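Student: The hints should help you fit chain W onto chain G, whose structure is shown.
For reference, the chains in residue letters:
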Amino acid sequence: MPNCCTTGNSAPYVPTLTKPWNKKRVQHLYRRVGFGATSQRIENALAMTPEALVDQIVDNAINLPLPPLPDWLGWDYDTYMTANTCHYNGQLTNHTRQYTSAGWLKNIADAENGLRHKMALFWHNHFVTEHTKYGGTHFLYRYYRTLLEHAVGNFKDFCRAIITNEAMLFYLDGQVNKVSNPDDIPNENFAREFYELFTLGPGNYTDDDTAGPINDISETARALSGWAVERYYLIPGHWVYAWWLPPLFSPENHDDGIKTVFGQSSPPNNGINDVDWIVDNLFEQKPNEIAEFICTKIYKWLVHYTEIDNGIIEAMKTIFLDPSTQFEIAPVVRLLLKSEHFFEDCFLGSRVKSPAEFFSSFFVESDTSLLEYPWDTPGPLLTQPQLGNDDCLPDTYCSPGISISVGDPISCPTVNVFENEFWIRHTYIDNCAWDCNQNGQYIFNPPNVGGWDEHYTWLSPSQMLYRWNKLEYQVGRISYNQTSEILAFMENLVGGSVDPAVIASITMHHFIVHPTDEQIAVATQVFIGTAQAVFEEGYWSWDYFDAHQQVKELLTYIVRLPEYQLC
Amino acid sequence: MCNHPINQRKGQTLKNPKAHSKDHNLWSRRSFLSTLGTLGASSLLLNKIPLQTFAASPMTALLNSSENDRVLIIIRLRGGNDSLNMVVPSGEYGIYQNKRPTIAIPQNELFDLGEGFSLPNFMVNAEKSNLQAMWNEGKMSVVHAVGYPNPSASHFDGERNWSSASDGIGAPLNYGWMGRYLQTEFPNFLENLPQNPPAIHIGFNNDRMFDTDMGNISYLIRSLSDLDQIIESGSLYDSNDVPSCIYGEALGIARSVANGAQTYTTQIKDAYDLGITSGSFEYPSDVNWAGKYLGSQLHLIANLIKGGLGTKVYMVDMGGFDTHYSQNLTHQCLLSHIAEAVSVFYEDLTASNLDSKVLTLTISEFGRTFHENSSQGTDHGSAAAMLMFGGGLENAGFFGPPPNLAQLESNNAHALEWHTDYRDIYNSVLENWLCVDTTLLNGLMGGTFTTVNGLILPCSAIGDGTPIGAFRLHAKVFLEGAYEGNGEMRVSLTNVLPTNQPFNIAPYHYDGTENLSNVADTMVDWVLVEARSGTPNTSGNRATVTVETRAGILLASGDIVDVDGNPLAFSSLTAGESYHFCIRHRNHLDIFTANPTIASEDMFYDFTISPDQALGTFQQKVFMDGKAMMYAGDFTQDGTIQVSDYDAWSNNPAQLDVYTNTDGNLDGVVQNTDADTWYPNKAKLGIVEIGF
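Protein chains in written order, with the working numbering: chain G, -6 to 560; chain W, 23 to 714.
Just so you know, these hints were derived from the structure itself, not from any lab. Do not rely on the hints blindly, as some may be mistaken.
[What the hints assert, rightly or not] Simulated coverage check for chain W against chain G, where a stretch passes if three residues somewhere in it have a Cβ under 8 Å from a Cβ of chain G: (1) 265 to 271; (2) 337 to 346.
[As the list claims (entries may be wrong)] Here are a few chain G residues that face chain W, going by a calculated C-beta distance under 10 Å: (3) Arg553; (4) Tyr557; (5) Gln558.
Fair warning: this is a prediction, and the values are worked out from it, not measured in the lab. The C-beta atom is built at its ideal place from N, Cα and C for all residues, glycine as well.
Here chain G stands alone, though its shape is the one from the complex:
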């Protein structure tokens, strides 16, 4: 369905009578840069110009300080293993993945500062790795940290960082790309994906098929050989990867001959500097291809997957390549979000919510505290040893890539390092992360190196049933556990109205882009529910003892509409 949208252009959107700066457009912006906004935030946004609001969002993303490093990242081997065995029953890696996922969603949900984190999620689906292949807590966290660090930074720096990221080394076999004697054939897995999926797109480099045995891919693989996470010999016969150390360049595993990539030769005996040369050479030789590839991908993520406007891509490329902001991501995002094009009517509601968007945005848009502890066991659960201090049993635990046995009981000294790192457990957002996993968006484990296909692939009957049932369940929990909060939110949202038609209409418009009159009529009856006489006799109020039930029914109706799948 090409070209059904008014093209618009890259000039900043200036509200007009026909394209007013209204709630719908504010919600559109917040849904694309995060998980939507509360009604209060929408009001605040309406008091700003669109341009100023986008500047604020993008500036916040740029200036957002990285979170402090978690303590466990710096533990030595013994401390980590002791904690894992004694305090986490061998599950520290799983817990970390789970909490990092949940924390990621929680950070996106903070609409003021969410863009940096949501862009990191975008890059997770670009520079894909799968935790099930690389394993390990430290690798996972440093991969996440790399995404976050460069999410709105410089794309060239990002590429350099990802090449020697441990998770990526394991995931695309850099770890085993060793050329230690002239007969060794380098492993091309990373080199191929680096050009095909990460920077250029298919057809912009040579490979076996197009150029024979010496080609851009094989030469790049040679240049990147020799990078690996070290192995550490624990006891004779048992080793683990040294996850506490950065990856190491081993000259003896590196092919130090001259390589020719994109027609350019590397300096002789370049050693550890080959990796930098690969990145420099790529960005010098193929800037236009990179710009096209990356700007299109950002456009699809923020605007629409199939309705791609070449004019605006060109404008994005221009700023991406401008010498003063070369390869910077933030200016591209800023231009796009500010553009008249971004705010075209046709894009409102045209995107299928990803699981992360579907499950998280409800909580944001209903102003539910994501950190409430509605479940029965609140608080950080895992600060207590699973086993008694003195009688840790011999155990088998998982470290990246290998299982080893600990022969003797180890003592479990109290490790004073479990501060508030795992507080997210048993909160709504923790459940969102779990539901994303179950609904096809297993964070840290995309299905393959191509990542999630997004958009329509999120929809199938089984996925939709899962979405309905889980979100309906959450709506129920909120209405029972946070009754006063949800009622206060609703009363505020509808401006204190006690007219069921008004309540239904405003609520529908808040959660759905284009509700129809018939749907609003049905929603009105759903809200009235068993209280028909109470309304008729005029004594219904927000203090009515069953109001939370009515809210629950209304919200349930809304989240099960097909329209609610779209944002």
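Tutor: Chain W only, in chain G's frame:
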């Protein structure tokens, strides 16, 4: 009296059951589908987007085959019904009138039921039909003064009590009484999705009555226009009528997928389509009728029952009974609607001989005050009369001690005292109507209650193993040669079909006398259906024995019917016994039911939902829409598709306007396209049980 329909909401009327409705915004819930990974899935393509669709679970131990086919209908009168103006205590008219000087039904406008009680004339003089006939024919009962200890005068607590079967003394019981009952029928309904909805509730919100510890077990239909949409298209959302451009495209896909997730829509549509053409009853067609919500709801339910949906419990909501002021304006309309809707409903069921299979119960959270208030209304009371309808009432009439107005007056009572616990009625329904094992009753009811003698025909009255007049098989198959997708087969043989059943030749040698007076315009072909007893073999020799054989008409929809258009009826089966069925066609590979069917008045078997519905390994082919169909190409009817079938075709490969076995695609012309139907199936072996 009631020119303007009350309690009518936008989008609620079923103006014309066949009318297309664009009202695609409504929703029904499948709360109980919380785990879905266990269901089988097959793929289809929609706009090049792969979709997962669920194959209906081939469950057999369902309500369809449970020990009886009785249906329960609960009409919930929301707001607290004033039963003193419904079952008027005409025997103590003076006291009644004294307490209700402005709202009492005038003495000359009463129809005497006997025993000192009367119905208002507006309930027996209704325009279309009325309760007088039902009362006289013993299809209506009145239970006096129904209530419970420590009644609540709160609508919500009252409804909660009546839903969960609680009283006002202890804490309310968990879940609903119908939920607890249905969960014993479908203990594993999360994993094994029942083939048809166990309960249907037409209303806006889920009712606690159907709550279980695994969620609500009813299929909630939010309005009749929901059903309009389902009945028109077999789906709940219109995925074609969407706005243009990319929003509309995304919405269309979201709706299509949502439809795919609504597994019961197809069954509801099929049952409705079958039901609306069954029986001879003509519904009133004027506008006023359509405006009466209850009438439309019951009309729809009648069609679903006649169409054999197999749903055990229906609940319909009727609001507006909270009559605090100007009561007579609204209350009389509501009551006349009930009278009219219920009596027309039963006329329809009677015409299809189903009136004794359907029991209707009215419930309301409380009755109203004895005296009227100063605004010509009544306030919240406690006990009230309950009405019951249907041919399954044993000794129709009055039950329970009646209210004693003189006594109430002397006690200065504000409301009626309860004499019959409503849970005794529930207990009677479970034990006598739904045939629940007596050892389960206390558990389901949360206490010990007493079945009311003579109220409902006990289960022993229908007996087990007693011969039933006719065993109707509702079977559905598709023929590959004629199947065109979208649940329809091509109809091309109308002018060449034989009017006598064509199976009186080898290898069938069936001598039945089925013949057609005219060929229905949706008839695809004849099929032969054999009822078999015994346990089938998967190898070796055929093990089952043919008990009865019938020739049937295969319609474009896949339904097999008798020559008169009714479901194919068998007469030689034994109720409660297990049978298999073999479906034979003159040039498709014969198939055999994979699962046994318990003989009952209505038996259901849908071969089209999965190839596994046919015994053996891939004895049916799957069309690209996911439907299973019989393999084309067995032109020689020997149970194997092989070269000899091709030879039969090539003997005379060009014939016009014929009814012959080598016409593989059933278009009346023998040509290359028929060999093409054979070609992809050309080495397909049938199972041993289809042998002769």
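Student: Next, verify each hint and record whether it holds.
Tutor: Status of each hint after checking the structure:
Residue count for the region 265 to 271 of chain W with a Cβ under 8 Å from a Cβ of chain G: 6. That meets the three needed, and the coverage hint holds. Note: the region 337 to 346 of chain W has 4 residues with beta-carbon separation from chain G under 8 Å; the three-residue rule is met and the coverage holds. The interface hint given for Arg553/G is met, as the beta carbon of that residue sits about 5 Å from the closest beta carbon of chain W, less than 10 Å. The criterion of a C-beta within 10 Å of any C-beta in chain W is met by Tyr557/G, whose closest approach is roughly 9 Å, and the hint holds.
The beta carbon of Gln558/G is positioned within 10 Å of a beta carbon in chain W (closest approach about 4 Å), and the interface hint is therefore held.
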